[in-house]
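Using the sequences provided together with the hints, build the complete structure.
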Amino acid sequence: MKPRYYLVVFLLVIPVQASLLSPLSLGSVGPDLALALLFIIGLLTGPLEAALAGMALGLLQDVSAASLIGLTGFTRGLVGLGAGLLGRRMFDLTNPSTVIFLTAFSLAEGIFISILLQLFYGSIPFWNLLFARLIPQALYTGLLGYFLLQPLRDRKIVLALKRRVIQREF
Amino acid sequence: MPGFIRKNKRSVVILILFAFLFWLVTIQVKNGRFPFMERPVLAIAGFFERIIAAPFRFLESAGTRYVYLVRTERDNGRLRQELVRLQIENSATTELLTENERLRALLAFKKQNPPTAFAVQIIAKGNSPASSTITINKGSDDGIEKDMAVVAEDGVVGRVQAVLPGTAKVILLTDPGSTLAVRVQRNREEGLLEGKLGLCALKYVSFYADIQEGDLLVTSGLDGLFPKGLPVATVLRVVKHEASAFQSVTARPIVSLSRLEEALVLRK
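Listed in order, the protein sequences are those of chains U and B.
So in my numbering, spot 122 of the first sequence is number 122, and the numbers just go up one at a time.
So in my numbering, spot 242 of the second sequence is number 242, and the numbers just go up one at a time.
The hints are simulated quantities; they were obtained by calculation from the structure and are not laboratory data.
All values reported here derive from a predicted model rather than from experimental measurement.
Be aware that a few hints might be false.
As the list claims (entries may be wrong) - Each pair of labels, with its calculated beta carbon distance range: (1) U/L85 <-> B/N31: 44 to 50 Å; (2) B/G229 <-> U/A108: 30 to 36 Å; (3) U/S25 <-> B/R71: 25 to 31 Å; (4) B/Q87 <-> U/F147: 51 to 57 Å; (5) B/Y204 <-> U/F131: 26 to 32 Å; (6) B/R80 <-> U/L7: 56 to 62 Å.
Glycine included, C-beta positions come from ideal geometry on N, C-alpha and C.
Below, the structure is given as structure tokens:
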């Protein structure tokens, strides 16, 4: 996908997540649409493109949330890279196990951010954060990912996309 | 080595970008956050946020209005009785206020005016996993300025971080970049409350200070941003380490930040 399409998609995902998905939040736990989308991009494109897409998405999220610029860019880049590497080894993207990987990626990103914040600012209540926010959020994001992957159930679409990626890489 | 780099050019670029992002974060942790990119991205995201949220807000408000109409008659009777009671209380309070002003004048106390406020609606919640922010539906056009205090009926919510003509970004108490001067209401011990994603930590409290679980933390007014005495958080856990000069105090915000729909922005 061309960079400008990524930019448009990401600029739409940020407000959709911020305004439309916030009523779906249970307490401070809400599904992470941006992460689920990035995970699917990673599965369909490859590690390098997904890492770049993840960095761009994370940077936009950091700036739009008035957060530490680069922190989410860094972690989302890693998620994109991981999802891209995973996509190379998976041929059935609609398999339910994919959702487990998405949940694991969401949890790993949350833990990684907590560790970084602990390093930078100290005294992060890690266990509280893990059980009250990170695990429920990862499960919720996995559930959202399951619904997002449903349109890809048509194997023809997946195979066509895969073929395109393989052709580009070799 | 150059051959390896040439062969893996794209991977090397990605690696450099990761290193650059990490360096960017460490620079901000050391010197403070960069505000330079906020305006353009906030303008674009804020524009979409308002468009996307508008139809849902309309439906929500239509539904709420209908429910209100049904409740109005029942509330009307109750409010009439309440009005009578409050009128009696008000006359007594006016008496006390007059007496208070007279006594303050006698003691030459500086008069403190109650802050005026803008009522705002929360139109979006922050979507970065590393921060806690919200977007409000008023901005510089309405008189909102950077660093204005944001409160709800129960207590402090956060402060305005970035302002655009129609919207503003509010950094919540629980954001890792948020710091607030507070004191323990019970014994006036002072500290600095920092955001810790969902909870807060009270920093720089002496090892010997008497802090107990359940203590109420209120604004001390020393940061010059918040008026004195607003409820902020309750102490959740106190841990004393023999090796440290300070206590480790975790606190939970009074306001339920995840369920917040409306707030007040206090004029400076």
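Each hint, compared with the structure:
1. U/L85 <-> B/N31: 44 to 50 Å: Violated, at about 35 Å.
2. B/G229 <-> U/A108: 30 to 36 Å: violated, 43 Å
3. U/S25 <-> B/R71: 25 to 31 Å: holds, 26 Å
4. B/Q87 <-> U/F147: 51 to 57 Å: Given about 56 Å between the Cβ atoms, the range holds.
5. B/Y204 <-> U/F131: 26 to 32 Å: Taking Cβ atoms as reference, B/Y204 and U/F131 lie about 28 Å apart, which means the hint holds.
6. B/R80 <-> U/L7: 56 to 62 Å: Check passed, 58 Å falls within 56 to 62 Å.
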